[in-house]
Amino acid sequence: MSSFATLSNRWTQWDDPAADAKDFALQNSRELDQFLAHIERRAFRMAQVALRNADDALDVVQDAMLKLARSYAARPSEEWRPLFFRILQNGIRDLQRRHTVRRRFMAWLPGPKEDPDGEAQNPLDNVADAAPTQTDVLMQDQAMHQLEKSLRALPARQREAFMLRNFEGMDVAETAAAMGCTEGSVKTHYSRAVHALREQLSEVW
Amino acid sequence: MSDERERDIERRSRVLYDESVNNLDMRIRSRLTQARHAALAIAEKPASVRWLAWAPVYGAAAALVLGITLWIGHSTPDRVLASADSRSGFEDLEIVASNDQLELLQDDIEFYDWIDKSPAAEPAGSG
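Protein chains in written order, with numbering that gives the first Met the number 0: chain X, 0 to 204; chain L, 0 to 126.
Just to be clear, a hint being listed does not mean it is correct.
Stated by the list, open to error - Derived DSBU-like pairs (lysine-lysine); straight-line CA-CA distance at most 35 Å:
1) K44(L) - K66(X)
2) K21(X) - K44(L)
3) K21(X) - K186(X)
Stated by the list, open to error - From the derived model, a few chain L residues whose C-beta atoms are all more than 12 Å from chain X:
4) A40
5) K44
6) P55
7) A61
Think of the hints as simulated: they come from the structure by calculation, not from any bench. Ideal placement from N, C-alpha and C gives every residue a C-beta, glycine not left out.
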């Protein structure tokens, strides 16, 4: 009788695909939450270094999160990291392209021109906050400032390879998947990036 | 020596970068958390619900197609008149070809002859 009850119970469990799907969705959602929570700040800093603007970086990260959740949440969680960074890098490149087009268009219009270095695109960026935050203090640190400046001076693909490999700890295969190129290209970009950084930072570090 | 220097740059830059990530201000952290929750809300929606979100768009597209179809149909009166003419032509042909009508005419031919000759048939004011 007890064995029948056990069998019956198992049969009931097997025969409820809706409950299984719900459990899977819940588990998947939890995993995705953990993944995004782990990665969101690093993704933001990566975007901020490339775009030089906190609000733009936030927009790009939010967009990448939404795209990952909408299109790839059901994929195995091991695939999320390269997928997420690929979406993020595409978003960064799109926004940079739009900024370039806008700058070219604005150059034709009369009026004050933007800073060619892009350091002071918005006059409000130069206004000091009432109380400096921890990040502001850190940004004033000479070493970090020099590092960001040197990273921005790199070609985009070299910067991506360096940040993904060195800062995110991705291996060559993962980096290639995130950048959408071959592993050989990743090695070349990374090597050139390290060499360029050594040249630029040797004097100040 | 250069390899050692490059390793040092990799290590130092990694440490600096990690510190900057850990020291992000509360405003940024809060915005990132909101963005994450918005993304999770999308992921938790079943695919059918996500399809339903597009329902107004599909409905509007269908209404547009229907509207254009009806508008094109109404905007060609020549074709409509032509079809009406052809329909009435068929009706005329049926009347002309109908044997009943001819027989009726033959039966009442004397009546039509009488009514033609009667004074009441003359137009008023002519006499």
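### Query
Once the closest CB in chain X is found, is it more than 12 Å from P55(L)?
holds (18 Å)
### Task
Quick one: work out the minimum CB distance from K44(L) to chain X and report holds if it exceeds 12 Å, violated otherwise.
Nearest chain X Cβ is 9 Å from K44(L), so the label is violated.
### Message
Is the claim that A61(L) lies outside the interface with chain X correct, judged by CB distances over 12 Å?
### Response
About 24 Å separates A61(L) from the closest Cβ of chain X, which puts it past 12 Å; holds.
### Query
If you draw a straight line from the CA of K44(L) to the CA of K66(X), is it 35 Å or shorter?
Cα-Cα ~14 Å, so holds.
### Message
Would the non-interface assignment of A40(L) survive a Cβ cutoff of 12 Å against chain X?
### Response
At about 8 Å from chain X, A40(L) fails to clear the 12 Å cut-off, so the statement is violated.
### Task
Below or equal to 35 Å on CA atoms is what counts here, so check K21(X) against K44(L).
Judged against 35 Å, a Cα distance of about 11 Å means the pair holds.
### Task
Sort out whether K186(X) lies within 35 Å of K21(X), counting only the CA atoms.
With Cα atoms ~43 Å apart, K21(X) and K186(X) exceed 35 Å; violated.
Checked against the numbered hints above, the structure breaks hints 3, 4 and 5 and satisfies the rest.
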